[in-house]
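Asker: Okay, here's what each chain looks like letter by letter:
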Amino acid sequence: MNDSDRVEAESEPREYRTDGGTATARERSVNYLDAEVNIFKPSTPFMRDHLRIIWTGFVAWALIVFGPVTLTAVAPDAMSTQLPVLGFPLHYFLIAIGAPGGSLVLAFWYARQRDQLDEEYGIDHTVTGSTADEEAVAADGGADA
Amino acid sequence: MIDTLLQGGLLPEGLDVSFKLLPAILVLSMLALFLVIGYVFRVADTEGMWVAGRSIGNVENGMAIGANWMSAASYLGMAALIALSGIYGLAFVVGWSTGYFILLIFMAAQMRRFGKYTAPDFVGDRFNSDTARAIAAVTTFLIGFVYAIGQARGMGLVGLYIFGDIGIPGLSGYQSMVVFMMAITVGYLTLSGMMGATKNMAVQYVILIVAFLVGLYAVGWTQGYSTVLPQIEYGQLISELSREFSAPFVNQSYYLWIATAFSLVVGTCGLPHVLVRFYTVENERTARWSTVWGLGFILLLYLSAPAFAAFGTDLFANNVGPVYGEGGMSSAAGDVIVVLAAQLSNLPQWFVGFVAAGGIAAAIATTAGLFITGSSAIAHDIYTNIINPEATQREQVLVGRLSIIALGVITTLAALDPAAPIAALVSYAFSLAGAVLFPMFFLGLWWENTNRQGALAGMTTGLVIWFIPMLNEVAPNYGLFTGMAGEAGVISPALAQWLPAVGSALVATPIVFLVTIAVSLMTAEPDLKTKRMVRQCHSPEPMGQQQTAEDVVTTDGGETPADD
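Residue numbers (this note's numbering), protein chains in the order written: chain A, 2 to 146; chain B, 92 to 655.
For the record, the hints were derived by calculation from the structure and aren't laboratory data.
Small disclaimer: the values here were computed from a predicted structure and weren't measured.
Ideal Cβ positions, reconstructed from N, Cα and C, are used throughout, including at glycine.
Heads up, some of the hints might be wrong.
A partial selection of chain A residues facing chain B, derived with a Cβ cut-off under 8 Å [what the hints assert, rightly or not]: (1) 33; (2) 37; (3) 55; (4) 74; (5) 88; (6) 93; (7) 98; (8) 105; (9) 109; (10) 119.
Distance ranges between label pairs, derived from CB positions [what the hints assert, rightly or not]: (11) B:484 with A:72: 53 to 63 Å; (12) B:221 with A:42: 26 to 36 Å; (13) A:53 with B:616: 23 to 33 Å; (14) B:391 with A:116: 16 to 26 Å; (15) B:589 with A:75: 12 to 22 Å; (16) B:612 with A:35: 15 to 25 Å; (17) B:219 with A:35: 13 to 23 Å; (18) A:75 with B:486: 58 to 68 Å; (19) A:35 with B:570: 56 to 66 Å.
Just chain B, same shape as in the assembly (with noise of 0.2 Å):
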């Protein structure tokens, strides 16, 4: 019981922290598998690197879009959210599921057109700014960073469950677990690049799918909840759970709801590590189905996961204690609600395991994703179209791999002392991809007069809008400001209200909109060439595998098709 004072917050209560011999097995053979994967899809050049040679198709591309968006954050953290949070939980189903639509129909095909290797390549191409390619870069790089916390908290927290407390030296329990977990995901990473990572993401996604499904089914089976249909069958559920679970607006307010919901939608359109899967497929046709593919995918997720958090309020309320109010579930146990869930049916221990691993291959595959954009950003954007224009396809991937560890040492570091719950902290970097990124994206795409000015203004605006709630809100968690911070442990509570961390999307997207355009407007237009580029995202004509919308450009004046 020691252990459990020196763990202190981050112990989830009800659950079962000792070493589990079947669920480690278990759990080392599947990153043993990830390992032997990578190894044989493994690259040494670029193009495999980054953009997996173009030659994914729909399915195996939406099960990698399904995996690669399938974090932590959905396996464990949504669920945690809606058994906490009740309704306001219901925005992270709605923001991470619905964004997919506006992605699909305003941007997918487009994007695949355009057809270069990272997002900031996008933005330095479209807005012939090393700058605003730099500032890309860096927002990708921080997304990435912000976002892994995220998964390397969940991957830790489930890790304490099959591993229990592994004790190194100077950490607690959650904190070695975490250090090991990045240690075997970093690992991983700097081996395959993209190829591995994409044959990856598809075994990573029937990994999980699977695990999540079997688990809600057997909870609610074994429990009396539900039968063939558990994401309708707890609707009846609901009337029986505390009224903090379905009424609404109990928890949060309405503008939390909407600005949530919005920056989720947003954010999920202007994340690099989404954005980078249209690039990999084979033509602008599969770009589009693999999107409804991917959008299918995730919802049997999506549609299970509050029947897994009703599944779980209640148990825990009936085993563990009240849930809401002084002395409810903590948000460390809210976080592992879909363990605690199995563990508290009393499923056997391998089982458990298993639907413990799921979260961890969950965890893994985005993380993936996530550093792959991240040292993309550093290695492409960064090093070899700013720094050394000359660096051989041998440094470039160096470099990427360098800026992997790099990533994951400070993810690591950032993770030992989480600031917030896993769907609270992916949400900040959801804010930051919708103020910065998605306005770039959205009028690069679909306003020609789009100019460099007024990107630089607007990614500007969008850095600066974005960073004042994380000081108010967030920076006081980590030491910095806490002398200012109030009660509520922000410094401005009114700030926090209208400019929430999590939601501050709502408020910076249409400045940031405003602002690009108004700048636009007041500068000169942008040359031809780069109208003809955005001209070429729009046009009906089929283009080549290889093509991106500046080859066609410039190689014939875009009267034909150009030759490879």
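Same shape as in the complex, but just chain A (with noise of 0.2 Å):
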């Protein structure tokens, strides 16, 4: 769905210039100093699609962290058995390395989410100590005068 709609609006920047065009347009056209910041409102659509990316993950590591020691508590005896090869009863894997595993795997997937959106709405990290900074006081100097 997202990538079609981009692709959609990617090809047709200039007829719908002044609707958005594409994202990063889209995008510079929100002052984010003027956006609320509530977790459960997000006001533009950057914010929408990282709080999508935040709560996704948020709900797979309430499971993976609480998850299995729940389930011990409830059926203590189905949560024992021992994993073939492994030797492990099943919640002590579950605990001791699926909870640590899966939060390590889940923080690389929200980086690299992270990253995707800043491309997709064209935000640089790596200009941030010269080029921007210079790109704004050029603007900055221009409204001054």
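Hints are included, so try docking the two chains, each in its own frame, into the full complex.
Answerer: Shown next, in the form of structure tokens:
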């Protein structure tokens, strides 16, 4: 869904400029300092997209971390089955290795997703020190003069 | 053997306490190396002292996160808890690692964008209140203090193996060692500041992870437990160990497991010495990726600790005596189980010394992070921002150094007769961070209408709820309220069950959230400038390396990134 939207948007940047055009142009028109910050009410497309990733990750995390131990409390016998080859009781394996390992995978997934989001919205952190600032100086100077 | 009696409960049984030449040389040269690095990267200005010039990159910061994080509690205490309390001990593995994901998705990048010096800075500036800043600073100082007691205990116990009883008059062997090790740590810190400490942390991470993993592989290999992947292979050993090691909830309840893991997760997200690592990086993308790196580095140890615990438990049962039940392994022996396992495997003495040195590196690295944040709370947040706004850089750094010494002295005193095993001591600090600071960071960043009154009410509530179980369970150990304590050593067993000191954040954090939100809704909204500062933390627009959200908002109204 998202992909096809983006492709469509990118293919017709000129005609729909006023309506937003590409994601980048749309975002440029947003002044983030006027957009309310409330975790339950994202006020810009960027925040909405970002929060969708955050909440997805959060739900997955909660299941990985608190799921196995809760299941073990509910059904101790089933969860204590010994794993073939590895020898672990199932609950021990899921708690000691599944939860931390799963969180690392999720962390990697989130950082990747966020990088893709940056790309989609034309955000480049490598230039923060120099170029972005210089542009800003020019824009500022013009406005002030 | 008279020595043994004098040292009472804190002499780990089975550990060979005596002066050992090669391990001593090893540890002393490691400490000398830290001092040299600290001296080379010494600092004279506050920017370097507190945030390392905001110059740290991805992997380096990841390692610093790992070293900063992995304390004696990870290196020694975690294996101890897994060995002694089985599945409950895993709550520490889970809480101390998975919390980083929450930190990553909700806070790391936003904190970097906010871009101040210290955690209390965030609270003070976000809520426009010196009172809030002071409460946060005092909390930070308390966290550093409580947390460092566990580190000092770890250094004392491990040092005992290497140097034996150095015999400071009037003190037991353990106590002499605590004084000796803390003196070295404080000396190194007052010299080096954050820049030196950050450079050292990468070195300390390498030492501690190599020592831990090499130790684990050697024990597993020589004792026939494992070959290439002990982190997985110890599974086959589990069925041979007592059922206390792996059976669910035999040692502690499900409720305590959840309470502990939850407190450690929110504590991770509220710890000032963890958050300050995000102020030291170049930009927000580095803040994110260094968190991923940091978690990866941390897991190298956290997936190995249960294996070490399993090997150590088996070795202890075969060589020393029963692990569980009456006359079982003491908490002091548990706290050195990593060193003990290496020693019981009959590995060469210098090698055991190397494993022990890793524990000392871990303890020093974390104490460094804690003392730096604790002292910056005093020097930067209380002294410079509240008492003497005209303070010169020289004066600030001086006050910083003096407060490091003060922290060192009180920590040493408290560690002479610690109330609990390392990991439990450390988790008190986590409950405090999770109850008082985490809600302020989270709401402060994610809900712009959180205001001063809400923050003050919330933090006060958090402090009060944290103190209740501390008085109930911990104070009697230090001779306070001993008369009121019952048989279990606590004043109210029911309270201890539902509001345990190690996991009090499970109750406290949600209440603090509710209080903060309710009071914020009932009082006036914060001013527009504050709201814009919060919005700037979430804007995708890149920011300059030395910029803070406040700079952007004040200089140009935020239409575009500002000039420095």
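Asker: If a hint holds in the structure, say so; if it doesn't, say that too.
Answerer: Taking the hints in turn, this is what the structure says about them:
1. 33: 3 Å, holds
2. 37: The hint holds - residue 37 of chain A has a Cβ within 8 Å of chain B, the shortest such distance being about 6 Å.
3. 55: Constraint on residue 55 of chain A satisfied, holds at 5 Å.
4. 74: 4 Å, holds
5. 88: With Cβ-Cβ at 4 Å, under 8 Å, it holds.
6. 93: 5 Å, holds
7. 98: Check passed: Cβ of residue 98 of chain A comes within 6 Å of chain B, closer than 8 Å.
8. 105: Holds, because the Cβ-Cβ distance from residue 105 of chain A to chain B comes to roughly 5 Å (cut-off 8 Å).
9. 109: 6 Å, holds
10. 119: Holds: closest Cβ of chain B sits about 7 Å from residue 119 of chain A, inside 8 Å.
11. B:484 with A:72: 53 to 63 Å: The hinted range 53 to 63 Å holds for residue 484 of chain B and residue 72 of chain A, with Cβ atoms some 56 Å apart.
12. B:221 with A:42: 26 to 36 Å: 31 Å, holds
13. A:53 with B:616: 23 to 33 Å: 27 Å, holds
14. B:391 with A:116: 16 to 26 Å: Hint holds: Cβ distance 24 Å, inside 16 to 26 Å.
15. B:589 with A:75: 12 to 22 Å: Given range 12 to 22 Å: holds, Cβ gap about 21 Å.
16. B:612 with A:35: 15 to 25 Å: At 22 Å between Cβs, range holds.
17. B:219 with A:35: 13 to 23 Å: 21 Å, holds
18. A:75 with B:486: 58 to 68 Å: 60 Å, holds
19. A:35 with B:570: 56 to 66 Å: 58 Å, holds
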